[in-house]
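In order, the protein sequence lines correspond to chains A and B. My numbering applies: residue 1 is where the first sequence begins, and numbers increase by one. My numbering applies: residue 1 is where the second sequence begins, and numbers increase by one.
Simulated from the structure, these hints should not be mistaken for laboratory data. Positions of the beta carbon are idealized from the N, C-alpha and C atoms, including for glycine. Be careful, since some hints might not be right.
The calculated label-pair distances, taken between Cβ atoms and stated as ranges, are [as the list claims (entries may be wrong)]: (1) 25(B) with 10(A): 18 to 24 angstroms; (2) 183(B) with 10(A): 34 to 40 angstroms; (3) 43(A) with 44(B): 36 to 42 angstroms; (4) 338(A) with 127(B): 49 to 55 angstroms; (5) 339(B) with 10(A): 50 to 56 angstroms; (6) 238(B) with 11(A): 46 to 52 angstroms.
Listed here are the chains, written in short residue letters.
Protein chains: 2
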Amino acid sequence: MSKAARTPLPERVLLGPGPSTVDGRVLRAMSRPLIGHLDPEFLQIMDETQEMLRHVMGTENRMTFAIAGTGSAGMEASIVNLVEPGDRVVVVVAGVFGVRLAEQVRRNGADVVTVEGEWGAPVDPSAVAEAIEGGDTKVVAVVHAETSTGVLQPLDEIIAAARAHGALVVVDAVTSLGGHPVRLDEWDIDVCYSGTQKCLSCPPGLAPVSFNERAMARVKERSTPVRSWYLDVGLLDGYWGQARAYHHTAPISMAFALHEALSMIREEGLEPRHARHHRNHFALVAGLEAMGMRMQVENPDHRLWSLNAVRVPDGVDEAVVRGELLTRLGIEIGGGLGPLAGQIWRIGLMGASSTENNVVLVLGALEAALRRQECAVSPGAGVAAAIGAFAAN
Amino acid sequence: MSKAARTPLPERVLLGPGPSTVDGRVLRAMSRPLIGHLDPEFLQIMDETQEMLRHVMGTENRMTFAIAGTGSAGMEASIVNLVEPGDRVVVVVAGVFGVRLAEQVRRNGADVVTVEGEWGAPVDPSAVAEAIEGGDTKVVAVVHAETSTGVLQPLDEIIAAARAHGALVVVDAVTSLGGHPVRLDEWDIDVCYSGTQKCLSCPPGLAPVSFNERAMARVKERSTPVRSWYLDVGLLDGYWGQARAYHHTAPISMAFALHEALSMIREEGLEPRHARHHRNHFALVAGLEAMGMRMQVENPDHRLWSLNAVRVPDGVDEAVVRGELLTRLGIEIGGGLGPLAGQIWRIGLMGASSTENNVVLVLGALEAALRRQECAVSPGAGVAAAIGAFAAN
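Between the sequences and the hints, there should be enough to build the whole structure, so can you do that?
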């Protein structure tokens with residue numbers, strides 16, 4: 001017999017880089033009996049989902065919808081539609097997802113110009129502006145919230161430089177959307193993609209994306225066909241738009257889940273939701289610092305509220321600590337990737353996982369694990385500091 | 001308030017071209033609280049899913065797994081990995097999915113040679129063999145079960161011709177896998193893809209695929225990079241294989257669902273499951289013919305058991321009938337596509353939807369709707385014939 005049939009799965013407190021906790025309401029919506037993907041009732045759910053996605057993304061873009069794939073499919077959908085062979089494309093790289101963006105652009109035959117920065121700090125916007133100005137740049141791709149480092153990348157100067165040179169801007173908001181403000185229209189972002197399993201607190205499997213009219217016009221003007229049929233936004237426009245032309249079979253159950261998750265966001269309100277993410281992040285940082293730990297991202301303004309990268313104290317075996325948290329208490333946190341492997345933990349406080357109780361829980365659990373590693377931590381200091389921060393905010 | 005929040009969704013009997021009915025066990029598995037995608041417990045679910053997929057697909061191929069997208073993403077994954085610009089690729093086209101295959105091959109820069117056939121009949125295998133022999137054919141792509149026409153395409157002669165010329169064979173088994181025998185190793189198929197929402201009776205959103213070692217070797221020998229990062233089977237090998245290298249965040253909940261759906265198939269047994277699909281198809285056809293209707297596919301050996309294409313009687317407005325079935329009784333059946341639009345209905349009996357009761361239900365409902373359209377139907381003839389067929393089989 002298979003595992004699922006013989007034993008129940010363990011319960012986990014999801015404080016890693018995603019998936020985040022999914023509320024019971026969303027799980028129940030997902031488990032509704034299915035209806036057809038061209039059923040009038042389902043088409044209405046699609047319409048409502050688009051409307052709610054527009055709200056979360058701060059946009060009136062008609063082409064705001066969910067790609068039937070994970071966040072990386074959203075990345076690929078953004079790139080494959082905008083980029084043509086030979087295009088000069090500037091990619092900002094200071095983490096795993098910047099590297100991935102560059103790789104996807106490269107596979108589309110473009111001339112990739114990377115602007116690299118230290119992992120764990122934002123990339124200097126003026127270096128990006130300089131790269132944009134260095135040639136006939138068609139597209140600039142940048143990660144807003146770098147999940148691998150916990151960095152919030154400032155976008156305004158980059159977008160202004162792109163605009164001045166007629167380049168389109170693609171923004172990765174996988175780990176920011178729903179936790180940090182993301183305002184496509186106000187910030188003048190052309191294409192944005194995200195994932196469902198981070199601050200939207202929906203299971204992984206869908207990628208919200210939005211293309212503005214400038215981006216859609218660029219797609220229409222292409223001299224070569226979009227290399228992907230599955231992710232071709234022109235064909236997807238036929239399905240999500242008025243024509244309802246059959247393209248793929250929508251992932252019905254995941255669509256139910258996203259609809260419910262977005263309904264919950266609307267009920268909470270976007271601003272209160274962002275404030276909640278900020279408050280819990282702030283308390284976690286207060287607790288970690290009171291324990292003598294150091295955040296990977298030095299400038300508080302450049303720290304993600306949703307994903308907290310903290311340096312592993314000297315002499316501590318980070319994998320042992322993570323393993324203990326998982327097996328003793330069922331708490332998942334993430335390790336570092338690439339050059340930060342072994343050096344940081346990544347503690348996610350995303351969507352339904354961003355709660356006061358989870359902050360207290362993870363601080364208490366970390367403290368106990370660190371003391372077992374003979375790392376000097378004042379007993380109770382982290383939890384006390386966090387609770388103090390809650391009271392003050 | 002959104003629709004989902006204010007009213008429950010209607011119940012539907014899913015007898016269209018997919019999604020099919022999803023059993024409550026699968027819905028409950030899907031709604032389990034999430035665990036992380038790199039959690040040891042989740043990795044075990046991935047392993048077990050691969051093992052069960054191998055069983056359903058009749059293969060020992062190591063690279064048997066689920067693409068994080070719908071069936072059309074499975075098609076794209078198959079094509080984008082095997083095909084390089086300039087390759088001569090023979091595509092068999094006699095329906096929507098053949099057309100789609102050709103289009104995907106074209107977007108990969110290949111030299112596409114289509115072998116076209118009438119929609120509603122299999123394509124002559126010797127014409128395909130001739131096309132394969134007509135040049136340095138690298139890949140042959142063929143739809144086993146053409147969802148748009150209800151045709152089961154014979155594969156053996158096509159595979160033999162491909163083998164004789166060193167061409168790889170890609171087979172679309174979206175609407176056959178789990179309902180008809182599909183035996184990759186015995187039939188010597190190199191790459192096969194399917195979808196979850198047909199005879200596997202899992203919600204749409206994943207695409208089972210399998211690549212044999214010959215296909216994996218071809219991928220390794222490519223002189224150009226795979227154009228898709230998301231669907232690159234080399235990278236996916238790193239994630240599904242022993243390395244467990246992070247690629248994308250697996251669609252956890254859908255993976256739970258697929259695992260449970262495959263467990264149910266294993267419990268039923270593959271042969272009994274195929275026999276059930278055959279028996280219910282046979283009874284439906286007996287009923288439709290007793291009502292004076294004609295199947296689109298003339299030769300019974302070329303009819304899909306999972307998807308029954310029946311000609312709309314002269315003078316009947318097919319859309320009115322479909323609309324009545326949906327709104328009066330909550331029964332979904334499909335209409336025709338392309339040249340068959342308005343001319344056929346497509347009645348799916350897939351997975352959990354393939355039951356005796358559904359055969360009786362749809363025959364009774366169709367009879368009533370046809371009589372409202374003043375189409376002469378002997379009262380009760382269809383249902384009686386189907387019940388007779390059940391008794392005889």
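Results of checking the hints against the structure:
Checked against the given bound of 18 to 24 angstroms, the beta carbons of residue 25(B) and residue 10(A), roughly 20 angstroms apart, stay inside it. Roughly 37 angstroms separates the CB atoms of residue 183(B) and residue 10(A), a value that falls within the hinted 34 to 40 angstroms. The given range of 36 to 42 angstroms is respected by residue 43(A) and residue 44(B), whose C-beta atoms sit roughly 38 angstroms from each other. Remark: the range hint 49 to 55 angstroms for residue 338(A) to residue 127(B) is upheld by a beta-carbon distance near 52 angstroms.
Distance hint for residue 339(B) and residue 10(A): a CB-CB separation of about 53 angstroms, consistent with the stated range 50 to 56 angstroms. Between residue 238(B) and residue 11(A) the beta carbons are some 29 angstroms apart, a value that contradicts the proposed interval 46 to 52 angstroms.
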